[in-house]
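Chains as they are written, first to last, in this note's numbering: chain Y, 1 to 371; chain G, 1001 to 1371.
Source of the hints: derived by calculation from the structure; they are not laboratory data. One should not assume that every hint holds.
Stated by the list, open to error - In silico BS3-like pairs for lysine-lysine, Cα to Cα no more than 30 Å straight-line:
#  : chain 1 : residue 1 : chain 2 : residue 2
1  : G       : K1203     : G       : K1070
2  : Y       : K264      : Y       : K203
3  : G       : K1302     : Y       : K319
4  : Y       : K203      : G       : K1203
5  : Y       : K76       : Y       : K57
6  : Y       : K319      : G       : K1057
7  : G       : K1057     : G       : K1070
8  : G       : K1264     : Y       : K326
9  : G       : K1264     : Y       : K226
10 : Y       : K57       : Y       : K70
11 : Y       : K70       : Y       : K304
12 : Y       : K264      : G       : K1203
13 : G       : K1264     : Y       : K203
14 : G       : K1057     : G       : K1332
15 : G       : K1319     : Y       : K226
As the list claims (entries may be wrong) - Computed from the model, here is a short list of chain Y residues facing chain G with C-beta under 8 Å:
#  : residue
16 : L7
17 : L42
18 : N224
19 : F227
20 : I254
21 : T273
22 : K326
23 : V335
24 : E339
Backbone N, C-alpha and C fix where the C-beta goes; we use that ideal spot for every residue, glycine too.
Protein chains: 2
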Amino acid sequence: MRFDAALPLQSGASLRDYSLSFETYGELNASRSNAVLICHALNASHHVAGVYAGQAKSEGWWDNMIGPGKALDTNKFFVIGINNLGSCFGSTGPMHTNPDTNQIYGADFPVVTVEDWVDAQARLLDALGIQTLAAVMGGSLGGMQTLSWTLQYPDRVRHALVIASAPNLTAENIAFNEVARRAITTDPDFHGGHFYQHGTVPKRGLRIARMIGHITYLSDDVMNEKFGRQLVAASQGDAERNFFFSTLEAEFQIESYLRYQGDKFAEYFDANTYLLITRALDYFDPARAYGGNLSLALARAKAKFLLVSFTTDWRFSPKRSREIVKALLDNKRDVSYAEINAPHGHDAFLLDDARYISVVSSYFNSIEVVA
Amino acid sequence: MRFDAALPLQSGASLRDYSLSFETYGELNASRSNAVLICHALNASHHVAGVYAGQAKSEGWWDNMIGPGKALDTNKFFVIGINNLGSCFGSTGPMHTNPDTNQIYGADFPVVTVEDWVDAQARLLDALGIQTLAAVMGGSLGGMQTLSWTLQYPDRVRHALVIASAPNLTAENIAFNEVARRAITTDPDFHGGHFYQHGTVPKRGLRIARMIGHITYLSDDVMNEKFGRQLVAASQGDAERNFFFSTLEAEFQIESYLRYQGDKFAEYFDANTYLLITRALDYFDPARAYGGNLSLALARAKAKFLLVSFTTDWRFSPKRSREIVKALLDNKRDVSYAEINAPHGHDAFLLDDARYISVVSSYFNSIEVVA
């Protein structure tokens, strides 16, 4: 959907003549009271559920959670998947043309924040004629958007499902983002973010960024279980082979897995989008305007909350979710919290885990929707 | 010290006409029974203690631990710091000339393992006329060498001090090493490891490698305490400033700290050395030849052991030290183990911590040395 009116951004800049890509699932009811907005994390899009006709492997990124009869039941709810500004999957982003210059934005695409995204999402809802959301849901960075919805538009959100998220990033998380960004921006093919004009793609940097990301999305335990110290040769039926004794060859299976993931990512993800999205993560910090006091910051929220965290998630640890829970309870808000004992690390929020799915399912079942 | 005889390596290759740099502290006693060998980790050298004349900031990397009257008292012990093959701090490495080709080794320097290093160290001791070591001590990768000493030369080691180490790397640790290596080897200035001839240095890759390393050497907690979410501007007296809203500028102090560490490292560390040393870490796995059974692997050891780990060390966690302790106890070896409650992560083994220093001090006090 195209928007003509300029969107003012937190940075002071603004975006005009932009588009937002979105998908919907299920039917909006007569009272327009059954809409659920899904916010995406780093590497995702508006395609949250279902399969595109004729494309067998095109499941939405939260298809295990969302659909007819699923935890978020599209027979009951009208689900909206939205793609954020700055993305490379449809909505206006660095690969598009700046209407002010008729040049590709590239590095000139303005820095967007979680709050900016939520503002843009709210405009989409205005355009769809939806005043109040039955729920907003998101994991990781999507959870930050969900939390921010309850603060920016407290009267438009009845329920907020904040999954595997945090009230802000720790220094360690910022550090990992920064290394990934430096890998991209110091790649000679980056050309200060204007690589499109040079016909290059900073693939080296994107590969490194993705490899770092992958390590932090998994738990140490699941990596040991999945790869351990297995050699590449062992998977080729040569378990007894000695080492290659090479610093260049992939010797261990974890190495070839990471290289594969890096290569794949570099083929489709935009480098400027990566920079923008990691920066949005870094900046999010609703308590900042309240001297770091999260309880004061969350006083505006009126929604009911479900928080979910995963025990082995070291990037967005349960401790961080509990900080949100505590701040909401300090404000006497209605909060449910589930800490799921799952081995998969941060990635768990995207995976099938019976207890996790059932917690979300029960929560959505409890949401009343009047036709 | 120069060695003419070729050193056979685990890979099947060999090194001839090589040198080993070392420093000694204290005096070797008449019975030659008070020698302690110090093995270094990734980013260190033979200069373990003391200050070079006229160079105020040249403290050895373990100077807080080693010296007259210190935990490892050089009034009692004769301490030997050695630099490993493949290093860039003095011993023969990739920056030196290959006697077979009269070209700089570069990427042709053979892959060396922990076992190869220990063999080379043993030859140095032979040359110094030292048959038996009172102790071997090392942290991290140095701890792996220490452990390997007790297996390769069980009759030449009376005591082994294995600090912040592990019986092998986990998949996650290999993964971090691999990302760092890929950052270096995909830097266009790497030239397949023969960058010396091209007059280039793969500094971009070295910077990224060092930034990743730094993150994993620190604990999440100490990073939060030291840097938190503090802005660069706050350190410049402008605490109230808004964000830069930039993906290229260092916005948070943790970012500028990591950039500084990366820049510094890229100025002095050799890229091929980095590859070799991280590979030695990856390969070390004494249990591999015993079907993964560490207890069987350690049956050869005869030394007495002190193991030390640090609670917040997530790169070489206490759990990994306990695996070594258990395997030694399975063999009824004499083992002391201290798990130090320290906030600093893996770096703790290099820092002043009263309990840690006192454990090491007590252990060395208990070692009998007959003049």
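Verification of the supplied hints:
1. A C-alpha spacing of about 38 Å is found between K1203 of chain G and K1070 of chain G, which places the hinted pair above 30 Å, so the restraint is violated.
2. About 10 Å separates the Cα atoms of K264 of chain Y and K203 of chain Y, which keeps this hinted pair within 30 Å; it holds.
3. For the given pair, K1302 of chain G sits about 44 Å from K319 of chain Y by alpha-carbon distance, which is inconsistent with the 30 Å threshold.
4. Taken as a hint, the K203 of chain Y and K1203 of chain G pair is honoured in the structure, with Cα atoms around 18 Å apart against an allowance of 30 Å.
5. Of the supplied pair hints, the one linking K76 of chain Y and K57 of chain Y holds, its CA atoms being roughly 26 Å apart against a limit of 30 Å.
6. Taken as a hint, the K319 of chain Y and K1057 of chain G pair is broken in the structure, with Cα atoms around 41 Å apart against an allowance of 30 Å.
7. Taking the CA atoms of K1057 of chain G and K1070 of chain G, the gap is near 19 Å; set against the 30 Å cutoff, the hint holds.
8. Annotation: proposed proximity of K1264 of chain G to K326 of chain Y is violated, straight-line Cα distance about 42 Å (limit 30 Å).
9. A hinted pair counts as satisfied when its Cα atoms are at most 30 Å apart, and K1264 of chain G with K226 of chain Y does not qualify at roughly 36 Å.
10. Restraint check for K57 of chain Y and K70 of chain Y: the C-alpha separation of about 19 Å stays at or below 30 Å, so the hint holds.
11. Annotation: proposed proximity of K70 of chain Y to K304 of chain Y holds, straight-line Cα distance about 21 Å (limit 30 Å).
12. Among the hinted pairs, K264 of chain Y with K1203 of chain G is consistent with the structure: their alpha-carbon atoms are about 26 Å apart, no more than 30 Å.
13. Straight-line distance between C-alpha atoms of K1264 of chain G and K203 of chain Y comes to about 26 Å, which keeps the hinted pair within the 30 Å bound.
14. Simply put, K1057 of chain G and K1332 of chain G have alpha-carbon atoms about 45 Å apart, too far for the 30 Å limit, and the pair is violated.
15. For the proposed pair K1319 of chain G and K226 of chain Y, the alpha carbon gap of about 19 Å is at most 30 Å, so the pair holds.
16. At about 15 Å, the closest approach between the beta carbon of L7 of chain Y and any beta carbon in chain G exceeds 8 Å, and the interface hint on this residue is violated.
17. For L42 of chain Y, the interface hint is violated, since its Cβ never comes within 8 Å of a Cβ in chain G; the closest pair sits about 14 Å apart.
18. Interface hint at N224 of chain Y: satisfied, since its Cβ lies 5 Å from the closest Cβ of chain G, which is below the 8 Å cut-off.
19. The interface hint given for F227 of chain Y holds, since its Cβ lies 4 Å from the closest Cβ of chain G, which is under the 8 Å cut-off.
20. Given hint, I254 of chain Y at the interface with chain G, holds; its Cβ is 5 Å from that chain's nearest Cβ, closer than 8 Å.
21. Restraint check, T273 of chain Y versus chain G: the minimum CB separation of about 10 Å is more than 8 Å; hint violated.
22. The interface hint given for K326 of chain Y is broken, as the beta carbon of that residue sits about 17 Å from the closest beta carbon of chain G, more than 8 Å.
23. The closest approach between the C-beta of V335 of chain Y and any C-beta of chain G is roughly 24 Å, which is over the 8 Å cut-off, so the hint fails.
24. The beta carbon of E339 of chain Y is not positioned within 8 Å of any beta carbon in chain G (closest approach about 18 Å), and the interface hint is therefore violated.
In terms of the numbered hints stated before, the structure departs from hints 1, 3, 6, 8, 9, 14, 16, 17, 21, 22, 23 and 24, listed from lowest to highest.
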